[in-house]
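> What follows is the residue order along each chain.
Protein chains: 2
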Amino acid sequence: MTLAEKEFKKQLESKVGLVNKVIKRILLEPGWIERELKKPVRYALVGPGKRIRPTIVLWCCELAAGSTNNNALIAAAAIEMVHTYSLIHDDLPAMDDDDYRRGRLTCHKKFDEATAILTGDALLTLAFELLAKQISESTIAVRLIAELSEGAGPAGMVAGQMADLQAANKKVNEKSLNRIHTNKTARMFRCAAAMGAISGGADDKQLNRLREYGLKVGLGFQIADDILDVSASSEQLGKTSGKDAQQGKATYPAVMGLEKSKKLAEKLADEAVAALKPFGAKADTLRYLATMLLQRRK
Amino acid sequence: MTLAEKEFKKQLESKVGLVNKVIKRILLEPGWIERELKKPVRYALVGPGKRIRPTIVLWCCELAAGSTNNNALIAAAAIEMVHTYSLIHDDLPAMDDDDYRRGRLTCHKKFDEATAILTGDALLTLAFELLAKQISESTIAVRLIAELSEGAGPAGMVAGQMADLQAANKKVNEKSLNRIHTNKTARMFRCAAAMGAISGGADDKQLNRLREYGLKVGLGFQIADDILDVSASSEQLGKTSGKDAQQGKATYPAVMGLEKSKKLAEKLADEAVAALKPFGAKADTLRYLATMLLQRRK
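Chains as they are written, first to last, in the numbering used here: chain A, 5 to 302; chain B, 5 to 302.
Just so you know, these hints were derived from the structure itself, not from any lab. Quick caveat: nothing in here was measured; it's all calculated off a predicted structure. There's no promise every hint is true.
[As the list claims (entries may be wrong)] Distance ranges between label pairs, derived from CB positions:
# : chain 1 : residue 1 : chain 2 : residue 2 : range
1 : A       : 35        : B       : 116       : 30 to 40 Å
2 : A       : 237       : B       : 43        : 32 to 42 Å
3 : A       : 25        : B       : 182       : 35 to 45 Å
4 : A       : 177       : B       : 31        : 55 to 65 Å
5 : A       : 101       : B       : 247       : 19 to 29 Å
6 : A       : 25        : B       : 250       : 45 to 55 Å
[Stated by the list, open to error] Chain B stretches covered by chain A per the calculated footprint, using a threshold of three residues with CB under 8 Å from any CB of chain A:
# : stretch
7 : 248–262
8 : 285–295
Note that CB positions come from ideal geometry on N, CA and C, so glycine has one too.
Input sequences plus hints: build the corresponding full structure.
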């Protein structure tokens, strides 16, 4: 491991630690979650997640403000809740029908389908409750809620999931493929970057740069994910591998081939790095993240 | 029909008309909903719903401000979206497994289960997006989002739905029954009243009175609903009747008998009316609503 790699890993672990700490605080604080839902919500949230989206929130806040602040921590917890809800619903039998996620049983396998549906609903709602109640300034809270709902809602992630399901076993061109995966995955990465920037008081120019970074990294991440699904084992992934092909999903390797997919992911990482230019050396961690996400093994 | 009844019906129809108009505007405006979701979201929202929750929002705003305003209209659309999402998920095969709702096929019957899950998710997220983007003052927007997420989330409606499922075919005492139905239904009625009061700039005293009214009316409404399920036909209800008993649900008639249930509903309506005392004659429509909801046939 190089020195830069070591430093990056240290930074990443410290941020994941911060995210997990906020999430645990919310889970322990009385008033947020009634007793019926405590167990499944905790099971879903306190798993071995990679916490990439909330880490982007924190790093983008640092870039704008010089350090992480409470707004960014709350925004990080909120986006992780929304991401977790989307996984729970995505894994349901009527959707992707997956038994494993993050190396453990999926929510509907551990509990039952009704519990999984309601736990997802609970996490999505709780994310907005957190932002409305735990962000100090109303103007910031409203902007964060607008970003998160726009990224996750019917013009963003949910639309992407719907399009993804509809495209299964159909002939899909590259333009449609990009649209599906931009909505399904990249929009939430852009949302993470924007939420961090807003939390850190970024100006419009910085905000737009970070949005651009998030979108490119997000799409690159999705391509890497598609590639992993055909090349890695279930053990490595913590979820069933080879599922995309089995379900006839419109993935990058399926539509444009493995080599061209890898090239596109590299191009997106380069563009993400380029968007960070005005930030100078301060953005090195985000640059490293962009290339790291393409080389991941899980 | 008495004169008071006629006047009430006229008022109600005019409010339902306003709610439907905002909802239609949102459905037509570009940007909110990507094309994949347009059809199911429209199917779910533009049904023959009773629109009771959004009507309460508008009436409570009128009571506080003298007239309906834009904030209340947006709040009304938002709470109707959350209510509609909860029905779609509630009707899923893994939940209450219902084929009919509001006199038409349920969303998963009209489309499929995956579409129904995602349409519910879309509506829930869109409700918060609306509040974040269409309310003029940030402080009001944040308060409305806090109310709605608290009422609908893991300490409110979702917890109630979870408890309701867990209580099926079990011995439930009156205390647990009240807790389940307060969370499942009454909290959202309280939320509707609070959102209207906040939209209309009510002071804390008025807000608390209206909250109290909403909670009592909501619980009374749920009891009436339980009674209808055993006494009305599927045709009258627009959904399958007798389902509660069939599924061993913890309902008021099942736990405390039909007569005692009717008495309790009347008591709640009286208490709801009593909470409105300081508002004088201006609150007559809300008073009428409290008693009307107990006499409904669907």
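> With reference to the structure, classify each hint as holding or not holding.
So, going through the hints one by one against the coordinates:
no.	hint	verdict
1	35(A) - 116(B): 30 to 40 Å	holds (37 Å)
2	237(A) - 43(B): 32 to 42 Å	holds (39 Å)
3	25(A) - 182(B): 35 to 45 Å	holds (37 Å)
4	177(A) - 31(B): 55 to 65 Å	violated (29 Å)
5	101(A) - 247(B): 19 to 29 Å	holds (27 Å)
6	25(A) - 250(B): 45 to 55 Å	holds (47 Å)
7	248–262	violated (count 0)
8	285–295	violated (count 0)
The earlier numbered hints that this structure contradicts are 4, 7 and 8.
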